[in-house]
Amino acid sequence: MKTIFANSVPGRPGVGPGKPTKDLTGLIPMELARAEPPGLPEVGELDVVRHLSRLSRLNFGVDSHFYPLGSCTMKYNPKFMEQVAALPGFCRLHPLIPQLRGAGHFAQGALEVIYETERLLGEITGMAGFTLHPMAGSHGELTGAMIIAAYHKDKGRTRTKVIVPDSAHGTNPASAAIAGFDVISLESKDGIIDPQALENALDEDVAAVMMTCPNTLGLFERNLPRIVELVRSVDALLYYDGANLNAIMGKMRVGDAGFDVVHLNLHKTFGTPHGGGGPGSGPVGVCTRLVDFLPVSRVVKLEDGQFFLDYDYPKSIGYVAPFYGNFGVYLKAYAYILRLGRNGLIRVSENAVLAANYLRKRLEDALDIPCNRICMHEFVASAVRQAAQGVRALDIAKALLDQGHHAPTVYFPLIIKEALMIEPTETENLTTLDQFVDDLIEILERGASNPASIQAAPLNTPVSRLDETKAARNLELTDL
Amino acid sequence: MNPDDLLYAKSHEWARISGQEALVGITDFAQQQLGDITFVELPAAGDSVTEGQEMGSIESVKAASELISPVSGTVLVVNTDLENAPEKINRDPYGAGWLVRVQLSAQPQNLLSHLQYDEIVEGSETV
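Protein chains in written order, with the numbering used here: chain A, 16 to 495; chain B, 50 to 176.
Heads up, a few of these hints could be off.
[Unchecked claim] In silico EDC-like links for lysine to aspartate or glutamate, alpha-carbon gap of 20 Å or less:
id	chain 1	residue 1	chain 2	residue 2
1	A	K176	B	E103
2	B	K59	A	D181
3	A	K485	B	E108
4	A	K432	B	E115
5	A	K432	B	D85
6	B	K111	A	D181
7	A	K485	B	D85
8	A	K432	B	D77
9	A	K485	B	E90
10	B	K137	A	E483
11	B	K137	A	D482
12	A	K432	B	E168
13	A	K176	A	D197
14	B	K59	A	E202
15	A	K176	B	E115
16	A	K485	B	E132
17	A	K485	B	D141
18	A	K432	B	D167
19	A	K485	B	E136
20	A	K432	B	E108
21	B	K111	A	E483
22	A	K34	A	E60
23	A	K432	B	E171
24	B	K111	A	D482
25	A	K485	B	D130
[Unchecked claim] Computed beta-carbon distance windows for the label pairs:
id	chain 1	residue 1	chain 2	residue 2	range
26	A	V30	B	E115	53 to 59 Å
27	A	G76	B	Q156	55 to 61 Å
28	B	Q152	A	R400	45 to 51 Å
[Unchecked claim] Some but not every residue of chain B turned toward chain A, in silico, with C-beta under 7 Å:
id	residue
29	D85
30	T87
31	V110
32	K111
33	A112
The set of hints was computed from the structure by calculation and includes no laboratory data. Just so it is clear, CB atoms sit at the ideal spot from N, CA and C, and this is done for glycine as well.
For reference, chain A alone in the conformation it holds in the complex (with noise of 0.2 Å):
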């Protein structure tokens, strides 16, 4: 597909502000203005309107496709949101306002959604208090290890290490060295951790262990009572990757069992628009004796019901994110809780297991399935079988696009050999699982007597296969 300034065409008009009717000397400092026009495309109205309408067709997203992938929960996110966020008392809202000083009243609704997102949270997770400013889930992480660090100086120490399961997401790994810890990584035992090992592993430098639960396999982990205890016996933090909350969300609390720091990721469990990187939300709860080392500011109801942003927190860890976070998004969790409702949230979580073992039953004499017990909101298949004939994991997964479906995600964990991660969510029906299912096994059928046919796939989709190695070393971006 052309870009727009290739179908630029000198001198054909389009549709522009006008001229200004009145000599604009003087309301623009001359060393900012433009000497010449901008370079932009000259085409009609209608061009733009068909060439943005194009482009939208080309987007491969859960409103038009099936999007299993594994670890990111990738549920459909409900339109009713979106009316409550263009709500024009929120969506006019100046992110100032709140602190200008006796404007504060011209703001309380916003600052209630904030106050009461928060203590939802906190109810939804066990956790004693929360902040919604992480405004992704890595910036979440990020702010839990900080939180983690300013617990244990505070105690006039240093814990140098962060214990990181082979099992947990992806991403807690990066976010605690990117605070200065040095990660240790912890081998799991038939798909979960083994207490063995980390009771090896835990000493007086450790500052946190950081758990995916259920982990990255889609795998409960059993023996958490018995992490808790040893983490506790060396008084380091036990650290909650949100990630996977949609399997358990009414069903567990996860501060009950003993976790000390949780994020969240809105994007996911709450079913806010993941974005294209962003915008996301990664709010951060802890339990009461990590509530002091929150970031500020931080939302505070006033005995005549009216809210506040306090900033008085001497040993908080200061400001992690512009304004509020992305109260944009965190605006549509909040509708989103309220809407399900308490019901309707433990409903969720029962539904993401149903699909995710549904799909594991269907498919267990096809692929592989390494930890092949009932998993929670997704699981992991192997596709060893298959590559030994030709056709890899990363083959399917391009097959599956061109029959209309999203990949799972491949690869990943790493601890599973040509790794296919799927996550159906609980949005989706029965019909749309079994054609998953039964195009999954026409592409391995088909792969099992003709690998050429699979190896070639996409071929349906806008670009077929690209070159992912050229594009990862050579670093150019330049039109198709």
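Once you have looked at the hints, place chain B on chain A.
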């Protein structure tokens, strides 16, 4: 099969020891598992490396991994060809795809023979 004149680390690096020097690279199994390699970060000449400790990183289209030094000593020479042609590691892991040459400060403690390493590789292929 893996060459019989090399020593191997469990973390899938090899070392060719000659006197007080060692040539270091990653194994054929490692490059196969990684897939097409896109970037290698190596220590600089003069840096000291320690057996079993991270000495750099390697990225492929599939994953980013740590490079663990199989030997202890000081880096003498780095294979600068890999900056622009990391695919040499995929094509020739035991030859043109070598990573660094190290002046040994001690003999390696935990390296395996090619037979022992073959066993590890066979074991992990069935996982």
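Exercise for the section: Just pull the numbers of the violated hints for me, sorted ascending. Expected result: As far as the earlier hints go, not one is violated by this structure.
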